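Guided by the hints, dock chain B onto chain A, whose structure is given.
As you go down the protein sequences, you meet chains A and B in turn.
Counting from 319, one number per residue, gives the positions in the first sequence under the numbering used here.
Counting from 319, one number per residue, gives the positions in the second sequence under the numbering used here.
Among these hints, one or two may not hold up.
Said to hold, decoys possible - Covered stretches of chain A, as calculated for chain B (at least 3 residues, CB under 8 Å):
no., segment
1, 340–352
2, 469–478
3, 589–600
As the list claims (entries may be wrong) - Going by beta-carbon spacing under 10 Å, a handful of chain B positions derived as facing chain A:
no., residue
4, Glu336
5, Thr339
6, Gly343
7, Tyr394
8, Leu396
9, His398
10, Pro402
11, Ala428
12, Leu433
13, Ser451
14, Val454
15, Phe471
16, Lys475
17, Gly478
18, Gln488
19, Leu489
By construction, these hints were calculated from the structure, which means they are not laboratory data.
It should be emphasised that the depicted structure is a prediction, and the values quoted were computed from it without experimental measurement.
Virtual Cβ for every residue (Gly too), placed ideally from N, Cα, C.
Spelled out, the chains give:
Number of protein chains: 2
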Amino acid sequence: MHQEKLTGYVNSIETELERYTDAEGEWSGLVRAMRYSLEGGKKIRGVLALAFCELCGGELEKALPLACALEMVHGYSLIHDDLPCMDNADLRRGKPSCHAKFGEANALLAGDALLTLAFGAIADSSLPDAAKSRAVSVLSAAAGYKGMAGGQFMDLKYEGTRIGAGTLVQLHSLKTGALIRASAVLGGMAAGAGGKTLAAIDRYAEKLGLCFQIVDDILDRTADAEELGKPAGNDEKNAKNTFVSFYGLEKAEEMAAGLSREAKEILNALDGNAGFLLWLTDLLLERRK
Amino acid sequence: MHQEKLTGYVNSIETELERYTDAEGEWSGLVRAMRYSLEGGKKIRGVLALAFCELCGGELEKALPLACALEMVHGYSLIHDDLPCMDNADLRRGKPSCHAKFGEANALLAGDALLTLAFGAIADSSLPDAAKSRAVSVLSAAAGYKGMAGGQFMDLKYEGTRIGAGTLVQLHSLKTGALIRASAVLGGMAAGAGGKTLAAIDRYAEKLGLCFQIVDDILDRTADAEELGKPAGNDEKNAKNTFVSFYGLEKAEEMAAGLSREAKEILNALDGNAGFLLWLTDLLLERRK
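Looking at chain A on its own, in the form it has when it is part of the complex (with noise of 0.2 Å):
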């Protein structure tokens, strides 16, 4: 039942995703670099938003140029992180990383149109004006210098030095967590919820985003390209900070059931009726591709 609830919020948002590019034109070429890096993965970003609108009573149709939005930022970011100035990967989900397809120029012009679209699909939506620009400030603040491109360049710029945890837990609560909060606050938002919800859901999505990354990291370590999608052992071959080059293994597990844990106790406390999220919170915890 939670499954087939995913998979028709994944399938929607993947349809809807379809309408937002004009492949008719000179820019057909770069349209196709866009579309290509949308494809695949999980749209864990774009399902938060659409599970806590239904979670806050909203209409699933409101949300979704939100989760679109989502999608598309995390998407140029993957590519803009993949490209050889940055984390040099040709692999991504499993296929050639967007550069390695299309050529440097094009994916770096792809990345700038998906993040451009994002602001776009928003404020073309039908929620109300007021929910638009709050929504646009939000995933403006969540996406920047402040955000999420604050948190690569931490990343970047300790690559190779030994960090304190709580400038390690900054970088990533910056380069994955901002994002994460924002995708399911957005969702709350879409379905008119007040600050209080709105403050409980961040609360819950902090947990996660941070749980996430422990659990990514982890992954790193221990699973192999194949489960990955991804060349494993990427981390240590940058001498990336993790929290397993931090912490060690055992710590890590430990923190990643904790932080899962306190989420779910959050989901429990919001809404009685939460089923899907706190599944969906343990999903998102085991292996994934």
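Only chain B this time, still in chain A's reference frame:
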């Protein structure tokens, strides 16, 4: 008198731009790269927004966040266009380009962060929510795959290939024209101008943008590096399609003069008191660094 007004506009924009970035924190190095890329330049897009806001009887404060957003988008586009995988330019506005100074990865992120911040600047402004939504929509369309990013894609796609006049005009309408049109239109929108006025402003800016690009192409052929603030003859070196390479210098100069005349006719029809914008139009189409 006109020069004083222009200086006032540029100063307002530069002062306001500083307010959008907080340099205290782990992201300070990223903010330095962002600010560096906003320094200098004529702030043409921001000035157009302010000037059309004033022409339409609006308060400058309303247009100022839009002017800043336009300059952020322009700044991001310069950073990314200069990157090694694009135009590979080490010099910009007489200074090292962003990646030459801060490294490729930081330049990429600084561009991303500026683009992201632009939409947040609009959403966090004091404009009415309906105006914010429209402004985000207009800016996203102008900068996206059917606008500026699409034009840059075409430019790279056709490098070294001889193209027809229609394609050449489309390329530049997207690459530089779209953002210039958005700049003028957003200024009118900040003043609450009606559809007929906005359409006239758009027509003016379309002529201006095309003329601006032709003058740019002419200067790349005729001016020296000191006048340009960047190496001259870059277009020829990179086998770019330019109006000079297509029409020759003399015909390109005729076209620029014709477009400039038409642009000023539209201004005169729009408002009998368009003195500043008439003067600005001439200024923009003279030699520029």
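Val454 of chain B as an interface hint toward chain A, with CB separation required under 10 Å: At about 4 Å, which falls below the 10 Å cut-off, the nearest Cβ of chain A leaves the hint on Val454 of chain B intact, so it holds.
Given hint Glu336 of chain B near chain A, where the shortest CB pair must fall under 10 Å: violated, 14 Å
Verdict on chain B covering the segment 469–478 of chain A, criterion of 3 CB contacts below 8 Å: Satisfied; 5 residues make the cut.
Chain A contact restraint for Leu489 of chain B - C-beta distance below 10 Å: OK, holds: Leu489 of chain B within 10 Å of chain A, min 8 Å.
Residue hint Gln488 of chain B, partner chain A, criterion CB-CB below 10 Å: Gln488 of chain B check passes; min Cβ-Cβ to chain A is 6 Å, inside 10 Å.
Supplied contact hint for Tyr394 of chain B, tested at 10 Å Cβ to chain A: holds, 8 Å
Given coverage of the segment 589–600 of chain A by chain B, tested with a Cβ cutoff of 8 Å and a minimum of 3 residues: Coverage by chain B is violated here, the residue count being 0 at a Cβ distance below 8 Å.
Hint check, Thr339 of chain B versus chain A [nearest Cβ-Cβ separation less than 10 Å]: Check passed: Cβ of Thr339 of chain B comes within 7 Å of chain A, closer than 10 Å.
8 Å C-beta test of the segment 340–352 of chain A against chain B, three or more residues: holds (count 8)
Restraint satisfaction for Gly478 of chain B [CB to CB of chain A, less than 10 Å]: Nearest chain A Cβ about 14 Å off; hint violated.
Restraint outcome when His398 of chain B is required to lie within 10 Å of chain A by C-beta distance: holds, 6 Å
Interface hint outcome for Ser451 of chain B [beta carbon to chain A under 10 Å]: Since chain A brings a Cβ to about 5 Å from Ser451 of chain B, closer than 10 Å, the hint holds.
Checked against the numbered hints given earlier, this structure breaks hints 3, 4, 8, 17; the rest are met.
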